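Chemist: Let the sequences and hints guide you as you build the complete structure.
Protein chains: 2
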Amino acid sequence: MSLIALGTVAIDNIKTSDGEKRGLLGGSASHFSMSARFFTKVFLSGIIGSDFPEKYKQLFRQKKIDTTAIVVKPGKTFEWDGEYKKENYNSAITLKTELGVITEYKPKLTKEQKNIAHVFLANLDPGSQLAFLNEMNSPKLIGLDSMNLWITNNRPELLKLIRKAHIYFVNDGEARLLTDEHNLLKAAKVLKALGPKIIILKKGEHGVIVFGDNCQFAFPAYPVEHVVDPTGAGDTFAGGVMGYLSKAGRVNEKTLRQAVLYATTIASFNVEGFGLANTSALTAHQVEGRLKQLINFIDPKK
Amino acid sequence: MSLIALGTVAIDNIKTSDGEKRGLLGGSASHFSMSARFFTKVFLSGIIGSDFPEKYKQLFRQKKIDTTAIVVKPGKTFEWDGEYKKENYNSAITLKTELGVITEYKPKLTKEQKNIAHVFLANLDPGSQLAFLNEMNSPKLIGLDSMNLWITNNRPELLKLIRKAHIYFVNDGEARLLTDEHNLLKAAKVLKALGPKIIILKKGEHGVIVFGDNCQFAFPAYPVEHVVDPTGAGDTFAGGVMGYLSKAGRVNEKTLRQAVLYATTIASFNVEGFGLANTSALTAHQVEGRLKQLINFIDPKK
Numbered sequence: 586m587s588l589i590a591l592g593t594v595a596i597d598n599i600k601t602s603d604g605e606k607r608g609l610l611g612g613s614a615s616h617f618s619m620s621a622r623f624f625t626k627v628f629l630s631g632i633i634g635s636d637f638p639e640k641y642k643q644l645f646r647q648k649k650i651d652t653t654a655i656v657v658k659p660g661k662t663f664e665w666d667g668e669y670k671k672e673n674y675n676s677a678i679t680l681k682t683e684l685g686v687i688t689e690y691k692p693k694l695t696k697e698q699k700n701i702a703h704v705f706l707a708n709l710d711p712g713s714q715l716a717f718l719n720e721m722n723s724p725k726l727i728g729l730d731s732m733n734l735w736i737t738n739n740r741p742e743l744l745k746l747i748r749k750a751h752i753y754f755v756n757d758g759e760a761r762l763l764t765d766e767h768n769l770l771k772a773a774k775v776l777k778a779l780g781p782k783i784i785i786l787k788k789g790e791h792g793v794i795v796f797g798d799n800c801q802f803a804f805p806a807y808p809v810e811h812v813v814d815p816t817g818a819g820d821t822f823a824g825g826v827m828g829y830l831s832k833a834g835r836v837n838e839k840t841l842r843q844a845v846l847y848a849t850t851i852a853s854f855n856v857e858g859f860g861l862a863n864t865s866a867l868t869a870h871q872v873e874g875r876l877k878q879l880i881n882f883i884d885p886k887k
Numbered sequence: 586m587s588l589i590a591l592g593t594v595a596i597d598n599i600k601t602s603d604g605e606k607r608g609l610l611g612g613s614a615s616h617f618s619m620s621a622r623f624f625t626k627v628f629l630s631g632i633i634g635s636d637f638p639e640k641y642k643q644l645f646r647q648k649k650i651d652t653t654a655i656v657v658k659p660g661k662t663f664e665w666d667g668e669y670k671k672e673n674y675n676s677a678i679t680l681k682t683e684l685g686v687i688t689e690y691k692p693k694l695t696k697e698q699k700n701i702a703h704v705f706l707a708n709l710d711p712g713s714q715l716a717f718l719n720e721m722n723s724p725k726l727i728g729l730d731s732m733n734l735w736i737t738n739n740r741p742e743l744l745k746l747i748r749k750a751h752i753y754f755v756n757d758g759e760a761r762l763l764t765d766e767h768n769l770l771k772a773a774k775v776l777k778a779l780g781p782k783i784i785i786l787k788k789g790e791h792g793v794i795v796f797g798d799n800c801q802f803a804f805p806a807y808p809v810e811h812v813v814d815p816t817g818a819g820d821t822f823a824g825g826v827m828g829y830l831s832k833a834g835r836v837n838e839k840t841l842r843q844a845v846l847y848a849t850t851i852a853s854f855n856v857e858g859f860g861l862a863n864t865s866a867l868t869a870h871q872v873e874g875r876l877k878q879l880i881n882f883i884d885p886k887k
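These protein sequences, in sequence, are chains Y and X.
The numbers in the first sequence follow my numbering, run straight up by one, and end at 887.
The numbers in the second sequence follow my numbering, run straight up by one, and end at 887.
Hint data in this document are derived by calculation from the structure and do not stem from the laboratory.
Copies of the same chain are indistinguishable here, so a pair counts whether it falls within one copy or spans any two.
Okay, derived cross-link-like pairs now, SDA-like style, lysine to any residue, Cα gap no bigger than 25 Å in a straight line: (1) Lys771 x Ile880; (2) Lys771 x Glu605; (3) Lys691 x Asp636; (4) Lys777 x Glu857; (5) Lys600 x Asp765; (6) Lys777 x Leu744; (7) Lys774 x Asp757; (8) Lys649 x Gln871.
All values reported here derive from a predicted model rather than from experimental measurement.
Modeler: Spelled out as structure tokens, the structure:
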């Protein structure tokens, strides 16, 4: 089944200990779709300015990502300058943010797109996420991601979204900020009580804990010796989960575990290169190869 | 096969958000042996003062832990006052340390004890660890633990020990301090190059990564919703690993994975109670029950 995602499509300027790259294609929706494409047909929504490079439109086309729901407005594409310090690859330092046209987003969806059953709301302001969700005709599966900024500044709107979501993707810091619970299991319980049947708690290099309907499980991350740029790792991960579940057509413990394993695998490629460099060049064969390595790495029954 | 461990036997006064307990039996060797006892005959070495409570001697006897290699000196038993803040159960705040007789330790081992094939050097000053190891007759398997204090203050002696050890138990902070490498995989490579065939890298609530001879694997921790007192979790974990390996009689990927799973399980009981309260009351049946839950929790093939 197909999948539609709303999120940012951005220009990223990124500094890590491996150097500095300017003018990269970035944004939560870009990373998400570059991962979800391995499993299903992905439609992307978001907003870009008239300055958006043609080569990046081409890249989406090449990867069979449908961009017809992306709104184009005169002006500047959202641009983000970020830096990562070696001591803490788990959190980015924002050097500069140029919003450009991003605040003008209004959903522009065809009838066909409004009927897509699987929806992902990648990180974006909760107002836009709600407006987009309201356009959709009774989606079967809604995944949601957010960030610290919206937890602090737009809590009521975010809580409304969390109530509507089936799967909430949240990292450890966000879970603690949102619930005021330090213990992650307690925090996850509080989050589940807010609405979502499934909480996917991301811990970066420490892996993931999933709190499902009648199941709980945890996997370590794939061991990456050289992290080049962690930007978009969470979006790539979410793309793997939502993409796999859309392909599977049903959400149960089995498909959820599989989805998280694939997602962990693709996210590990993401952090080994700048921006989308690795995930856009990645083949399904490479994904399968590393998935086997990951399972071998974490298998308690081996 | 039997196992002999050197370490501290202490009186602990511990403050956590669950309250304050004074006069607890603690120390690295106590926690280690209370866990290793599930798998093998454990001999304990260390030093206590003449004030050491009779009830704790009885506890060791009840649990079939051999204490004949413990040295008793006139004076005070090593005493530690520690506190844990809710925000960071991974590291203790030392409020007070009374060394007592601990600096007077000199190994006092019978001929039989010197021939024990499996040796564990629990956290203690590297000088005592070396003195003890020199008394042993060509042990087959040497496990080593240490702490930040000795990495900073006794590095040359500690490096000598690491060279002799087959398995080095180290937490993430210690690994980074010792190697000056932030990435844990790189740090583990540096540590392996120092001598040990196996590095067991402990990450507290985030589980463990094992770097073996021809294998690497990682397991998440068992999910504990209410951590009461993390004191001795690392020693309990090491006791599970060394105890299981001693029982198995050989170290290979299979036995190592099993050992780490048992160790993870027993350590989870340890943190759910003050001091040795839980691990001393624990039954093999309870361990097996939770081990099954753990495997279910982390199984990628389920």
